[in-house]
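Asker: Residue numbers are given in my numbering: position 174 of the sequence shown equals residue 174, and the series is strictly consecutive.
Hints were generated in silico from the structure; no laboratory data involved. Built from N, CA and C at the ideal position, the CB exists for glycine as well. Mixed in with the good hints, there may be bad ones.
Estimated spans, in silico, between C-beta atoms of each pair [as the list claims (entries may be wrong)]:
1. R170 with L246: 29 to 35 Å
2. A230 with G306: 25 to 31 Å
3. G203 with W174: 23 to 29 Å
4. D296 with Q69: 30 to 36 Å
5. P318 with I65: 30 to 36 Å
6. R170 with N276: 56 to 62 Å
7. G273 with R250: 36 to 42 Å
8. R314 with R170: 44 to 50 Å
9. P318 with G410: 50 to 56 Å
10. N380 with S245: 54 to 60 Å
11. R23 with G306: 22 to 28 Å
12. R411 with R63: 55 to 61 Å
No more than 16 Å apart at the CA atoms, straight line, and that leaves these computed lysine to aspartate or glutamate pairs for EDC-like [stated by the list, open to error]:
13. K123 with E27
14. K221 with E166
15. K221 with E172
16. K123 with D466
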Amino acid sequence: MTVATKAEVRAPAKTPVGWRPARPLAELLIATLFLAWPAIYNGFPLLYPDSMTYLDDGRIVARAIFQHQFSLYYGMRSFFYSLAILPFHWNQSAWPIVALQCFLVAYVLRLVVRAVAPGSMQKFYLGVVCVLAVVSSVGWCASLVLPDILGSLVYLAMYLIVFARESLSRRERWSLYLIAWWGIVSHATHLMVAAALCVLLFGMLAATHQPFRRTVQTIGKVAAIVAMAAAAQVGLNAYLFGHPSLNGDRPPYLMARVIADGPGRMYLEQHCGQMNWAICSHVHQLNVDPDHFLWDPDGIWQSAPGAEQQQMLREELPLVIATFRAYPRQQLRRSAENWWEQLTTFGLNDLDPSRWLEVQFATVMPAAQGSYLRGLQARNALPLDSITSFQFVVVVAALGATAVLMFLFGRRCPPRLVWLSVVAAFVVVANAAVTGTLSMPEDRFESRVIWMVPLVAELFVLAWIDRRGKSLLVKYRRP
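Sequences are here, hints too, so could you generate the full structure?
Answerer: What follows is the structure in structure tokens.
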């Protein structure tokens, strides 16, 4: 098995079989419309409480960068995502953000279908996107004003750069570099999963028995994107806060996690009498979930003064290390339970209406408040439970269909499709591990990548139809 067959290497990168030069843009626009159907159905782009932070932080960070008007507080979300979407909304309308995200998804999917689907099946690109938009979470995530959808685009871009480079033109490769970089700097979990994916891709390339030098050069390209994204984060945080940092002004996620898991709370209850830690002043309030600990106005983090918050951040890593040393088995068991819960929790129930979100419109995007309130989401009229249940059935069916078709293909399974399956499986598992164990299991976290499962199933179906069609053609041509 090789990364690409000789036929694939010789195939022209600019105009694949079945694609006319005038068609791609029109197809991309139609696909973008398909993907945006949840926002259109809702009557307004989908929002989450964090969406308002991303919409508001862009102008604050832009003033600091371009006008040197520094602020005491810039928020705790990705500055790069906030900056990138600022020219698309200017605090007036969120629709251009949805258009941008849906277009990027349509573009990357076009490159994936072109690289993986057999030549005669590439004409079904719009069908692939349409079905995927209807049966999976991809359209919902692309219609949501959050960087969630960019994570899966990062991982697909890395796959294309490593295993389908021959199918890409130079312009397409550079566009993937840019999309991957923006996706990585847009969320800390994207950086962690992308770094882990680099290791997997290196092992996968090594398994193909490629020359070691070529393997290093290929992986070096995606590793460089990850490194430049991390460097950009450190550089911007150093400029804004006066000291280099990868995470910026963030709350103590890990502290909240180990305390909520139980072992961290037990450690503090047993040792706070001998320690002068800030968190010890709340030792009788620790039986709470991470959401309450971090975000509720009367929670431990939000109610603490600034100096106490800084002290808690300094105590976070020592607490995590001490907890693992004191209760390694218990903490690992709880982390594994959180990982499994996240792996099997993917839906849209996080998109319930929020009173806090409505209040923020007055300062963040006042001109769009009326349109939002008329939407289905604001009126709690979206069928989120039904769609969540349907998506679970689709994912299970997609896993089953993929397993059956892989068995039927046997050793004749298309190499690029095999590698895509491995990448998708790894991403789904790794994303659950990062989000579930470091933050908390939520539907939204896994929904942003779970749509890759039905995508792989669709591509397997196309490959099988192509194979059966060729077999029948040979059969009926025989004298």
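Asker: Just tell me: holds or violated, for the beta carbon distance of R411 and R63 against 55 to 61 Å?
Answerer: Given a distance of about 59 Å, which is inside 55 to 61 Å, the answer is holds.
Asker: Hint says 23 to 29 Å; check whether the CB-CB distance for G203 and W174 agrees.
Answerer: holds, 26 Å
Asker: How does the Cβ-Cβ distance of P318 and G410 compare with 50 to 56 Å: does it lie in that range?
Answerer: holds, 53 Å
Asker: Could one say that the CB atoms of A230 and G306 fall in the range 25 to 31 Å?
Answerer: holds, 27 Å
Asker: Does 29 to 35 Å hold as the CB distance between R170 and L246, or does it fail?
Answerer: Since the Cβ atoms of R170 and L246 sit about 31 Å apart, the hinted range of 29 to 35 Å holds.
Asker: Return holds or violated for the Cβ distance of R314 and R170 against the range 44 to 50 Å.
Answerer: holds, 48 Å
Asker: Would the pair K123 and D466 pass a check requiring their Cα atoms to be no farther apart than 16 Å?
Answerer: holds, 12 Å
Asker: Is it true that P318 and I65 lie within 30 to 36 Å of each other by Cβ?
Answerer: holds, 34 Å
Asker: Does 22 to 28 Å hold as the CB distance between R23 and G306, or does it fail?
Answerer: With a Cβ separation near 57 Å, R23 and G306 fall outside 22 to 28 Å, so the hint is violated.
Asker: Does the structure keep K123 and E27 at a Cα separation of 16 Å or less?
Answerer: holds, 10 Å
Asker: When you take the CB atoms of G273 and R250, is the distance between them in 36 to 42 Å?
Answerer: About 29 Å separates the Cβ atoms of G273 and R250, which means 36 to 42 Å is violated.
Asker: Given the hint of 56 to 62 Å, is the C-beta distance from R170 to N276 inside that range or not?
Answerer: holds, 59 Å
The earlier numbered hints that this structure contradicts are 7, 10 and 11.
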